[in-house]
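A.B. asks: Heads up: the sequence lines are chains A and B, in that order. At the far end of the first sequence sits residue 1344, using my numbering, and the numbering has no gaps. At the far end of the second sequence sits residue 391, using my numbering, and the numbering has no gaps.
Bear in mind the hints are in silico, worked out from the structure with no lab data behind them. Heads up, none of these hints are tricks.
With a Cα cut of at most 30 angstroms, we get these calculated DSSO-like pairs of lysine-lysine:
(1) B:K150 <-> A:K1246
(2) B:K319 <-> B:K245
(3) A:K1173 <-> B:K194
(4) B:K139 <-> A:K1246
(5) A:K1253 <-> B:K245
(6) B:K240 <-> A:K1253
(7) B:K238 <-> A:K1246
(8) B:K194 <-> A:K1246
(9) B:K205 <-> A:K1246
(10) B:K238 <-> B:K139
(11) B:K238 <-> B:K319
(12) A:K1253 <-> B:K194
(13) A:K1173 <-> A:K1246
(14) A:K1246 <-> B:K253
(15) B:K246 <-> A:K1246
Since we're looking at a predicted model, the values are computed, not measured.
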Amino acid sequence: MKRFLLAAAFFALLLLIWDAAFRARIWSPVLLPSPWQVAIYLNSAAVDGTLVKATVITMRRLLVGYFIGLVVGLPVGLLTARWKLFGDTIGTMALGLQTLPSVCWVPLALLWFGQTEAAMLFVVVMGTLWSVVIATETGVRNVPPIYRRAALTMGSKRLHMWFKVILPAALPFIVSGMKQGWAFAWRSLMAAEIFVTILTGFGLGQLLHYGRELSAMDQVIAIMLVIVVIGLLADKIFFSPIERFLHRRWGTSQA
Amino acid sequence: MHRAGRHRSSVTEELEIIAPSKLAIENVSKSFKGASGPVLALDRVSLNVAEGEFVCLVGASGCGKTTMLNIIAGLEKPDSGRVLANGKPVTSPGRERLVMFQEPALFPWLNVFGNVLFGLKLKPNLSKKNRHDVAKYYLELVGLSRFERANIHELSGGMKQRVSLARALAPNPRVLLMDEPFAALDALTREQLYGDIQEIWKARRKTIVFVTHNVREAACLGDRVLLFSPHPGRIQEEFPVELPRPRDINSVDLAGYATRITKALKGLGKTATG
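Hey, can you work out the whole structure from these sequences and the hints?
C.D. replies: Printed below as a string of structure tokens:
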């Protein structure tokens, strides 16, 4: 409770500083709207449905792309860890492509797929995929050989070995790869939505873009806040519980 | 009533004391690629272990005793020669011969109970209830019933090795292979485990091959102590230990045996360096 109060006080203080800066008129109110104006925009956008619609569209693109990236990335990571041939070829390619900032896929996606949902999806998948492949491969390669040997003596083989020993042993690596993939996918999707107008649906990135076009700073800041909150929620709801479980089981942290 | 009776009988069947295997190691050789050419880890080693015998392999590190153990386990293949367990050649690992490693190779993603269950789940024809009963039995045998829900990292070194022991015993193997299982423990914990392992060995009747570099430990546990010489790895000398059990590691008689074995071990060192 005390921790919560301190955190709440911290954010209240941020708001106060923001408000004070607005009142001091150091910058033009066009460039720095008051927290209140942002709140009014958020409220009206929530009431007329634009915000909810944009959030749903963005989250759908993100989740579908992320899911595809995971479903493809995990087995590919296992293959590259298991067979040298795959490691030397696909593994090397994954390592190279992972260093490519995922927003760099946007021009290519545009030319290949045009201004379509497919282009958005492609960018998200590319953001996710390579991180998951690399993390899975690293995780599997770092499984202490003694786990395999112990499992072998108890009669574990092939699929059982993969699913009951190697994958769980590699889990800490895989989860951190999933988290990185999520971050990359989220960033690249926002970049794509800001760059590219897609007529089949306006996402949060597009709202941000039009906020800039209209010089509607309250809209820009409000959408940025929404994006931050979504990122925080994803972390708190999805990744934190998994990480807490891993820390508790593996004993890697006191938290 | 009838069903309940049958159910109980299958757990007792699973916990039944089965005949331990005899092992025959015939002319086993094994070499590794070293930094300066091949190293002969084992040079035509032959050895017989009787059913239910407790044999200790002693030697300096790098003398091939762990390689010997891995070959008996089926984790490594010999270059030549063969290992027979109850007359059948060993070609791969099998749950008839379970290994307890120096580092407790427990799985951190499972709790204590899950670790003991792991090998049982791989055993066919065991109902869930039976598996659980068997796991509970062995956790009690090693004195860790209270910790079945604990995570591995919460256990002390000695407790981890007790869980390893329970995990190795649970599938009811005929042979237990132990690779310096107590080397990383403090003296007090070790002494406790010497008593426990002798008791469990007596209660569960296993053939045990125990690798160690601790001479006293070998004399305390083994029916026979085999001294390995390094480069190339060979069995140099054999010491039958004829002391009543349970043996106390601090007893004077035992010290006599240990002194003789240590002397022989030092003699080996001299010829090797001189």
